[in-house]
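A.B. asks: Residue numbers (this note's numbering), protein chains in the order written: chain A, 1 to 574; chain B, 1 to 363.
Derived by calculation from the structure, the hints in this document are not laboratory data. Check before you lean on any hint, since a few could be wrong.
Stated by the list, open to error - Partial chain B-side listing against chain A, Cβ under 7 Å, derived:
| hint | residue |
| --- | --- |
| 1 | P182 |
| 2 | F253 |
| 3 | G274 |
| 4 | L277 |
| 5 | G283 |
| 6 | L284 |
| 7 | A313 |
What the hints assert, rightly or not - Footprint (simulated), chain B over chain A, 3 or more residues, beta carbon under 8 Å:
| hint | segment |
| --- | --- |
| 8 | 36-42 |
| 9 | 46-58 |
| 10 | 189-198 |
| 11 | 247-257 |
Virtual Cβ for every residue (Gly too), placed ideally from N, Cα, C.
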Amino acid sequence: MKKNRTYHKKKTVIVFGVFVCMLLGLAGRMFYLMVIRSDYYSEKAQELHERERDIKAARGKILDCNGEVLADNKAVCTISVIHSQITEPEKVIAMLVKELGISEEIARKRVETVSSIERIETNVEKSVGDKIRSYGLDGVKVDEDYKRDYPYEELASKVLGFTGGDNQGIVGLEVKYEDVLKGIDGKILTTTDARGVELSELGESRIEPVEGYNLQTSLDKNIQMYAQQAALKVMEEKEAQGVSILLMNPQNGEIYANVNVPEYNLNDPFTLNTDQDTSQMTEEEFQDACNQMWRNPTINDTYEPGSTFKIITMAAGLSQGVVDLDDQFSCPGYKIVEDRRIHCHKRTGHGAENFVEGAMNSCNPVFIEVGLRLGAETYYHYFEKFGLMEKTGIDLPGEAGTIMHKKEDIGQVELATISFGQSFQITPIQLATTVSSIVNGGKRVTPHFGVRVTDNDGNLIEELSYETQEGIVSSQVSEEVRYILEKVVSEGSGKNAAIEGRTIGGKTATSQTLPRSENRYISSFLGFTPAENPQILGIVVIYDPQGVYYGGTIAAPVMKDIYQNILPYMGIEG
Amino acid sequence: MESRKKKEKTADGLLIFLVLLLVVCGLIFLYSTSAYNGRVKFHDSAYYFKKQLFATSLGLMGMYLVSFMDYNFLVKMAPFLYGVSLLLSLAVLLFGDEYNGSKRWLSLGPLSFQPSEFAKVAVILLLAWVITKGKEENRGILYMAGRMAILLPIVGLVGTNNLSTAVIILGIGVILIFVSNPRYLPFVGIGGVGVVFIGIFLGMASYRLERLAIWRNPEAYEKGFQTIQGLYAIGSGGIFGKGLGSSLQKLGFVPEAQNDMIFSIICEETGLAGGCLVILVFGLLIWRLMVTATHAQDLCGSLLAAGIMAHMAIQVILNIAVVTNTIPNTGITLPFISYGGTSVLFLLGEMGIALSVSRRRKD
Chain A
1 MKKNRTYHKK KTVIVFGVFV CMLLGLAGRM FYLMVIRSDY YSEKAQELHE RERDIKAARG
61 KILDCNGEVL ADNKAVCTIS VIHSQITEPE KVIAMLVKEL GISEEIARKR VETVSSIERI
121 ETNVEKSVGD KIRSYGLDGV KVDEDYKRDY PYEELASKVL GFTGGDNQGI VGLEVKYEDV
181 LKGIDGKILT TTDARGVELS ELGESRIEPV EGYNLQTSLD KNIQMYAQQA ALKVMEEKEA
241 QGVSILLMNP QNGEIYANVN VPEYNLNDPF TLNTDQDTSQ MTEEEFQDAC NQMWRNPTIN
301 DTYEPGSTFK IITMAAGLSQ GVVDLDDQFS CPGYKIVEDR RIHCHKRTGH GAENFVEGAM
361 NSCNPVFIEV GLRLGAETYY HYFEKFGLME KTGIDLPGEA GTIMHKKEDI GQVELATISF
421 GQSFQITPIQ LATTVSSIVN GGKRVTPHFG VRVTDNDGNL IEELSYETQE GIVSSQVSEE
481 VRYILEKVVS EGSGKNAAIE GRTIGGKTAT SQTLPRSENR YISSFLGFTP AENPQILGIV
541 VIYDPQGVYY GGTIAAPVMK DIYQNILPYM GIEG
Chain B
1 MESRKKKEKT ADGLLIFLVL LLVVCGLIFL YSTSAYNGRV KFHDSAYYFK KQLFATSLGL
61 MGMYLVSFMD YNFLVKMAPF LYGVSLLLSL AVLLFGDEYN GSKRWLSLGP LSFQPSEFAK
121 VAVILLLAWV ITKGKEENRG ILYMAGRMAI LLPIVGLVGT NNLSTAVIIL GIGVILIFVS
181 NPRYLPFVGI GGVGVVFIGI FLGMASYRLE RLAIWRNPEA YEKGFQTIQG LYAIGSGGIF
241 GKGLGSSLQK LGFVPEAQND MIFSIICEET GLAGGCLVIL VFGLLIWRLM VTATHAQDLC
301 GSLLAAGIMA HMAIQVILNI AVVTNTIPNT GITLPFISYG GTSVLFLLGE MGIALSVSRR
361 RKD
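With these hints in hand, go ahead and build the complete structure from the sequences.
C.D. replies: Structural data, given as structure tokens:
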């Protein structure tokens with residue numbers, strides 16, 4: 001028998017000591033993991049255990065200036081299935097086919113997909129959702145949700161825009177004011193095991209959604225409705241391709257109405273508003289057709305403004321002092337610029353006339369003469385100064401920019417055509433904004449729809465403000481322009497817009513669209529009232545009218561009709 | 001002659017208490033951890049618990065019987081037992097059941113048996129036999145290397161499928177030879193050679209280097225999944241834990257939570273406090289084994305107790321080190337607590353040997 005010697009004992013103790021040190025080291029490591037790094041790992045673990053389902057926040061409403069709701073929400077349901085919880089797949093498939101009207105193939109595919117949650121359909125009517133819930137099938141989730149609802153369907157469709165399946169704005173004010181309207185989605189958090197089965201004993205925690213804010217606009221539902229009727233009437237009478245009407249406050253840029261017929265139904269934005277046969281279209285063609293339908297021609301499309309642009313030439317000429325009201329002109333029916341003979345619309349000529357009469361006659365040679373007196377350099381300077389080279393900054397997406405000659409490419413002929421509104425393109429909103437700035441005393445305004453943001457109880461969250469720029473023209477020039485344009489309506493080419501007892505300023509225009517060989521026209525009229533202190537400025541644009549196409553004949557009466565009806569309603573006199 | 005008189009002494013009560021405490025706590029933790037897996041896989045929450053309870057009962061009986069045996073008799077049997085363990089390990093290689101990619105089990109009807117657990121006991125007995133047989137004078141480096149060489153067959157056989165157990169066997173061997181030898185310096189050399197060998201070993205196979213990379217940054221690798229899930233469990237325990245039974249990570253997130261990673265669930269449920277208590281109990285157990293070794297009446301008993309202490313300590317330290325990602329992942333169970341019938345059976349058997357040594361202690 002061997003003795004258990006002292007050195008054996010000593011060494012055993014040494015080994016024990018080493019082990020104890022190691023265990024202490026591990027305890028230290030545990031302290032690090034469980035105290036210092038605890039938050040990090042807890043959070044990671046929690047992310048792993050939690051499944052979240054969104055609770056949709058109610059989207060803010062879009063209101064008109066009187067608080068009428070233009071875009072609202074209605075309760076709908078989202079139907080989903082949770083694969084791991086389904087106990088009777090055949091019953092679930094049959095139910096989905098019956099209640100949602102989807103094909104059995106699709107239902108089967110969704111039900112049999114191994115995923116934590118599979119969404120079957122969104123925007124299901126609440127009544128259908130309630131019925132599905134009443135089946136009480138395991139693994140079928142019915143989540144309450146909101147769907148956008150537009151009570152006036154077509155009204156201002158190209159201004160308001162609509163939302164997609166996830167209630168996010170797609171076009172129009174809906175997308176421009178997405179941040180204001182969307183709110184913050186809430187969450188239902190449930191804890192699950194590794195297979196995704198919810199642990200009911202731990203319950204669920206909710207993060208309540210925050211409703212989106214309401215957007216109050218300057219639109220007036222009644223004015224918009226009336227303007228839409230007027231637009232539809234003239235579109236039908238003239239078999240026009242479309243009619244756009246914009247009514248705005250030239251003093252501050254607030255837009256009261258923007259009609260672009262044909263409008264489309266905001267509650268059904270994927271049905272074309274034309275009689276086109278969609279069954280033959282490829283997906284891409286159909287998408288293009290939809291995009292075309294959703295466009296707002298007042299803002300997204302440019303056109304040659306024609307004679308309404310003489311207002312800009314007039315303002316530039318008066319500002320520069322190259323012409324005054326009493327200057328005498330003579331119109332033989334054409335004007336020769338370099339080697340070109342540019343005709344007046346009246347081939348026989350207007351004869352002798354002063355500048356005011358030239359404007360009343362919408363005489364091309366008079367304005368060509370003013371343009372040539374300014375010269376290309378100076379004309380271009382005013383073009384820029386009036387803000388025509390920049391976008392207006394309207395609060396709708398996709399505003400089109402001005403299509404203009406390069407400064408160095410403007411020769412005498414180009415200058416002559418620019419002077420009466422041809423050979424370049426701007427948007428109707430640009431024209432309305434620029435004329436507003438000239439007739440309101442020289443203040444460039446930003447046209448806009450959004451006025452203020454409120455919460456659902458009507459408390460003010462934010463008053464929206466827009467840029468203005470003073471000194472576009474002098475107040476004297478502004479007054480002279482108003483005087484001339486009043487004459488145009490009361491005694492000149494715009495007399496079809498005149499209303500007895502009211503002072504209206506305005507200008508007609510008839511422009512040909514490119515290519516000129518097709519003989520397609522755009523007739524327009526721009527008017528404002530009262531002439532001395534404009535409170536409402538409107539522009540009527542009729543695209544491709546059949547038969548008589550003169551702006552003074554077909555567009556001016558539309559504005560007159562609208563003014564006659566809305567001015568008393570708005571309480572504007574004079 | 002001395003030993004006959006000292007036979008009347010009672011076994012180390014504190015050691016018995018600590019073993020029973022660990023066994024009972026182990027069963028509670030095992031039930032808590034395995035209930036979900038049992039329910040999901042076998043529709044019986046107590047599936048793992050029942051099997052473990054059976055093995056534990058058997059083991060406690062074994063421990064009781066062994067504690068009354070003369071350990072010298074067991075040591076005399078060592079060559080035979082070692083031979084049996086070699087045969088069994090060979091049998092596993094040939095007819096073993098594969099589970100989770102490694103062949104470690106022999107099946108006998110409804111019972112399955114893990115020979116590598118038996119091998120560890122056999123090695124402790126064998127080394128005690130070899131060392132006590134040799135002359136005390138010639139214990140040079142070569143002599144020691146010769147003793148270690150005896151272990152090579154079993155290390156090779158076990159190591160084929162179960163590298164971590166082979167490492168434990170080598171560790172026990174080195175510690176026993178260290179204890180039996182009066183010198184210190186050669187062991188510094190052995191340590192140095194060991195480090196070099198580990199370096200070469202790791203460099204030889206790229207998958208081992210990958211393991212190192214996973215160890216350093218487990219979140220970046222798919223194979224770091226188990227490690228990361230263990231860390232999530234430990235970290236989310238905090239200081240006092242979520243409460244017994246409240247672990248979420250055991251719900252399928254930590255794979256096979258009742259096996260190697262059980263300590264992470266203990267940490268999640270009982271926190272830093274519980275985890276440290278478990279370490280403390282193991283520490284006390286190792287301390288009692290150390291006391292048993294130093295108070296043994298002869299070298300043989302001392303070596304047995306020291307070997308058992310080394311086995312226990314190495315396994316606890318490696319397991320906790322793996323679970324806390326202190327070292328790269330390797331499969332080592334936590335004594336008495338991890339699920340595994342063979343393991344608990346032979347561990348309790350070893351405790352019986354230790355108790356037997358303590359009954360014949362010198363004061």
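A.B. asks: Which hints, by number, does the structure contradict?
C.D. replies: Checked against the structure, the hints that fail are numbers 3, 4, 6, 11, while the rest are satisfied.
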